[in-house]
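Protein chains in written order, with this note's numbering: chain A, 1 to 261; chain B, 1 to 296; chain C, 1 to 386.
Treat the hints with caution; some may be incorrect.
Claimed, not checked - With a Cα cut of at most 30 angstroms, we get these calculated DSS-like pairs of lysine-lysine:
#1 C:K324 / C:K308
#2 C:K308 / C:K351
#3 C:K308 / C:K226
#4 C:K292 / C:K308
#5 C:K324 / C:K360
#6 B:K64 / C:K292
#7 C:K332 / C:K292
#8 B:K64 / C:K360
#9 C:K226 / C:K200
#10 C:K208 / C:K351
#11 B:K64 / C:K208
#12 B:K64 / C:K74
Stated by the list, open to error - Some but not every residue of chain B turned toward chain A, in silico, with C-beta under 7 angstroms:
#13 L32
#14 W38
#15 L47
#16 T70
#17 P107
#18 Y111
#19 P131
#20 W133
#21 L137
#22 I257
These aren't lab readings, by the way, just hints derived from the structure by calculation.
Where a beta carbon is used, it is the ideal one built from N, C-alpha and C, also for glycine.
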Amino acid sequence: MRIGLRLATAVVLLFIYVPLLVIVVYAFNASRVQAWPIAGVSLEWFARAAADGSVRQAFLNSIIAASGATAIALVLGSMAALAVQRFAFFGREAVTFLVILPIALPGVVTGVALSATFQTLGIDFGLPTIIVGHATFCVVIAYNNVLARLRRTARSLEEASMDLGADTWQTFRHVFLPSLRTALLSGALLAFALSFDEVIVTNFTAGAGVDTVPLWVLSAIQRPNALPVVNVVATVLILLSVVPVYLAQRISGGETAGVTR
Amino acid sequence: MTSAAFARPPGVRRRLAAFLYRHPRLQLRLLLAAPLAWVVVAYVGSLAVLFANAFWRLDSFTGKVVFEPTLDNFVTLFSTAVYRTLALRTVGMAVLVTATCIALAFPIAYYMARIASRRVRGLLVVAVLMPLWASYLVKVYAWRTMLLGHGVINWALAPFGLHGPGTGEVAIWLVFTYLWLPYMVLPIYAGLERIPGSLLEASSDLGARAGFTFRRVVLPLVLPAVVAGSIFTFSLTLGDYITPQLVSNTKLLGNAIYDALGVPNLPLAAAIASIPVVVIVAYLLVARRLGAFESL
Amino acid sequence: MTNLRILATVATTAMLVAACSSASSAPSGMQASVGPGEGEVDLVIWTGYAENGSNDPAYDWVTPFQDATGCQVKTQDGTDSANMVQLMHTGNYDGVSASGDATLRLIAGGDVAPVNTDLIPNYANVFAGLKGQPHNTVNGVPYGVPHGRGANLLIYNTDTFTTAPTSWSVVWDSNSPAAGKISIYNSAIYIADAALYLSKHKADLGIKNPYELDEDQFNAAVDLLKQQNKIIGEYWSTATQQIESFSAGDMLAGTTWQYQVNQLTDAPVAATLPDEGSTGWSDTWMISAHAKHPNCMYKWMDWIISPKANAMATVWFGEAPVSKAACDEAEKLSPGHCDTFHATDEAYFSKIAYWNTPQKECGDDRGAVCKDFTDWTNAWTDITGS
Chain A
1 MRIGLRLATA
11 VVLLFIYVPL
21 LVIVVYAFNA
31 SRVQAWPIAG
41 VSLEWFARAA
51 ADGSVRQAFL
61 NSIIAASGAT
71 AIALVLGSMA
81 ALAVQRFAFF
91 GREAVTFLVI
101 LPIALPGVVT
111 GVALSATFQT
121 LGIDFGLPTI
131 IVGHATFCVV
141 IAYNNVLARL
151 RRTARSLEEA
161 SMDLGADTWQ
171 TFRHVFLPSL
181 RTALLSGALL
191 AFALSFDEVI
201 VTNFTAGAGV
211 DTVPLWVLSA
221 IQRPNALPVV
231 NVVATVLILL
241 SVVPVYLAQR
251 ISGGETAGVT
261 R
Chain B
1 MTSAAFARPP
11 GVRRRLAAFL
21 YRHPRLQLRL
31 LLAAPLAWVV
41 VAYVGSLAVL
51 FANAFWRLDS
61 FTGKVVFEPT
71 LDNFVTLFST
81 AVYRTLALRT
91 VGMAVLVTAT
101 CIALAFPIAY
111 YMARIASRRV
121 RGLLVVAVLM
131 PLWASYLVKV
141 YAWRTMLLGH
151 GVINWALAPF
161 GLHGPGTGEV
171 AIWLVFTYLW
181 LPYMVLPIYA
191 GLERIPGSLL
201 EASSDLGARA
211 GFTFRRVVLP
221 LVLPAVVAGS
231 IFTFSLTLGD
241 YITPQLVSNT
251 KLLGNAIYDA
261 LGVPNLPLAA
271 AIASIPVVVI
281 VAYLLVARRL
291 GAFESL
Chain C
1 MTNLRILATV
11 ATTAMLVAAC
21 SSASSAPSGM
31 QASVGPGEGE
41 VDLVIWTGYA
51 ENGSNDPAYD
61 WVTPFQDATG
71 CQVKTQDGTD
81 SANMVQLMHT
91 GNYDGVSASG
101 DATLRLIAGG
111 DVAPVNTDLI
121 PNYANVFAGL
131 KGQPHNTVNG
141 VPYGVPHGRG
151 ANLLIYNTDT
161 FTTAPTSWSV
171 VWDSNSPAAG
181 KISIYNSAIY
191 IADAALYLSK
201 HKADLGIKNP
211 YELDEDQFNA
221 AVDLLKQQNK
231 IIGEYWSTAT
241 QQIESFSAGD
251 MLAGTTWQYQ
261 VNQLTDAPVA
271 ATLPDEGSTG
281 WSDTWMISAH
291 AKHPNCMYKW
301 MDWIISPKAN
311 AMATVWFGEA
321 PVSKAACDEA
331 EKLSPGHCDT
341 FHATDEAYFS
351 KIAYWNTPQK
361 ECGDDRGAVC
371 KDFTDWTNAW
381 TDITGS
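Looking at chain A on its own, in the form it has when it is part of the complex (with noise of 0.2 angstroms):
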């Protein structure tokens, strides 16, 4: 059972890297056609992608709005688990729905309705509206993780804390909010990854003249002579995502990478 499994692992990975690979390869591709295999090696599309300015741009605002979009995304998904796990009350299924619900709708409704709120309250699109956007598709996986976690944790711990005569506060910050860290880290991780890759509910909240990496994307595969630049982009950022993973690792102390809970 052991090889049979080990021989599934390699063939699920193999099914999950190839693509990555191709991607790889095509960065490196010296035609413009994506012919199989490639025409031969150029390094002329890293010289393109680092020349243009508006791919950093880009970048940088990704950074923020995933992790402006992270930060409410945790700090209202803890306070909604919170809740949902230490007390009883009418409707509380209903919470767990309704944060289910950002995630579980068509992304194009969820942009349209949003796009339509912003406008009729006045507010100016851009950053701050596609951190909104995401965020509120973001709790769902703050909930999720600290819900489980909060499941987990035994109360006991906070009371012996209590009893010993901590505070509230003090209980929170030294004995909670350390049994949570790598519950928060893990959905901190999916949530950012998450909003770093959203298309449509951004398309829909951003505004003129604000690019997020995947609109900046969507707009270069429009462009045949930019699709080389796109397949480096998408490899510097695979190549870059190892820097969150490997962060994450350190930070929960070598406890099980990402996303357990």
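Got chain A sorted already, so can you dock chains B and C onto it with the hints?
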């Protein structure tokens, strides 16, 4: 934690803390206020406004929405065969993609959670997370390039005298499975990791064979995690319109919604969008019964 | 489509009359003067319609505009006409480069305002054939200025078709050598191509204008498209998509823009205008009814049809410039450009029925019995989704 942290004299903060502790209801309200205000006001409010459109109609002369309650849009929806076709195809695709994701995710998740060493496990988590960072659009385009005539799939199959699936419904299925797979692997992995090893040992001590243990012990325990993952794979498939556009010449519900919004015929778009909403609500209700919300 | 030219003349005369009377007679909602710029202009554009040199330093018509007017250009690329209408409907932008299948939707939806062409000095130089077009003019009142124009051409693989096809039948006929590998534009507006074909091959339907279809004519077009659906290889949404599939040899014939053909230099591919004529497009810069920076938008509309800027923009995208002066500038950038795109060839464009938004009101003595764009969209979903 040092004892000094506890030695501070009681201050306003502390009195407030004590007050809150004695008034749990207030705590609850404070906790719920912000998230609910956000989700309900910012999101559900916007949605309600949008979906209210489904009960209005578009005046074909002025192109403006007429605010008279009507069921016209739903009549159009139910009387036009294509919406039924689209709904069935889309839901069918969502089910198929979800099932494939489960089938692919199980072995790797099991290997990660139960067999791999600590170090390998860490690496595998990173490996599964990595594709989430390559842009969605880039991944779909990469698949398109691979599936086309001069792409890598035909190149690899040619020596065997075979042909790739090309673009079409099979391509949609492949690409969706690819895109959403990490969202399935991670919850299943977490679910499996949570099962105490002693439980499995007990089962085998009692004479159960591996297959039996899997069916009767592992599966029931991990089912909620599977359902949790499927909420992602299922609903993401229901709403997508970009992938079908790029790798096939068929359409899904998302495309119909997108087209109606482009008329702009908000009333019809809202009516069509109510199909995935109803499907997802039904799905979530089933998921709740299966206990998925407990393990999300 | 000779009636287009008559219409154009009528409209131009109407505008001249309007120009002679004082500016105060401008219809309501129309701006009477252009003041100083507001420092910014927010545009929804087709990719490549506002280049700032970041893709190619030689093609930059945004920076000089910003320097000259102080209006910072902020853009968002629309992915297709539907997306552009969706975005403009939010009221969050100053202007849009709308194709003809979007313009009347925007006008009818009240999302864009009429344009006072007196305030746009360069408008005087625009070819008469591009003024007062039915897709951007209502009752003689223009709702924008043209960006350029182009035809929807028949693209074909030169290995499969050794001589250029003379009829669109190669994309309609079930026995076409390209059957199963036909590449068609993914938009409801393509129904007009079916109507145009029928107008030449089924005269008894009496189709005069492919955008004004009554029940019978519409159903005939939809039936033709449903039949075609069986031999379709792809419905393309972006130019890149079609370029990829033709260079892969996955597609053998279809509808295209000159743009794709120019990009496909390495592939055995050519394009032609068949005898039936074709549909085409003339994109229009329109100003939002809710524009926050109307003065900058007027300045932009004037800029984009000025000879140098228009030459750059149309050479960059691959379409015909809007004026003789722009044409001369374009020749300097890319010799032969104006011939390739038939810029001054009104006889060529008389065979082109520009994209227009179908409306209930037929526009002739039939009255309000025509299929509107909602019907077209539903039918398109039906054709491509079944």
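Consistency of the hints with the structure:
no., hint, in the structure
1, C:K324 / C:K308, "11 angstroms, holds"
2, C:K308 / C:K351, "28 angstroms, holds"
3, C:K308 / C:K226, "45 angstroms, violated"
4, C:K292 / C:K308, "27 angstroms, holds"
5, C:K324 / C:K360, "36 angstroms, violated"
6, B:K64 / C:K292, "22 angstroms, holds"
7, C:K332 / C:K292, "37 angstroms, violated"
8, B:K64 / C:K360, "14 angstroms, holds"
9, C:K226 / C:K200, "19 angstroms, holds"
10, C:K208 / C:K351, "13 angstroms, holds"
11, B:K64 / C:K208, "28 angstroms, holds"
12, B:K64 / C:K74, "29 angstroms, holds"
13, L32, "5 angstroms, holds"
14, W38, "6 angstroms, holds"
15, L47, "5 angstroms, holds"
16, T70, "20 angstroms, violated"
17, P107, "3 angstroms, holds"
18, Y111, "4 angstroms, holds"
19, P131, "6 angstroms, holds"
20, W133, "3 angstroms, holds"
21, L137, "5 angstroms, holds"
22, I257, "6 angstroms, holds"
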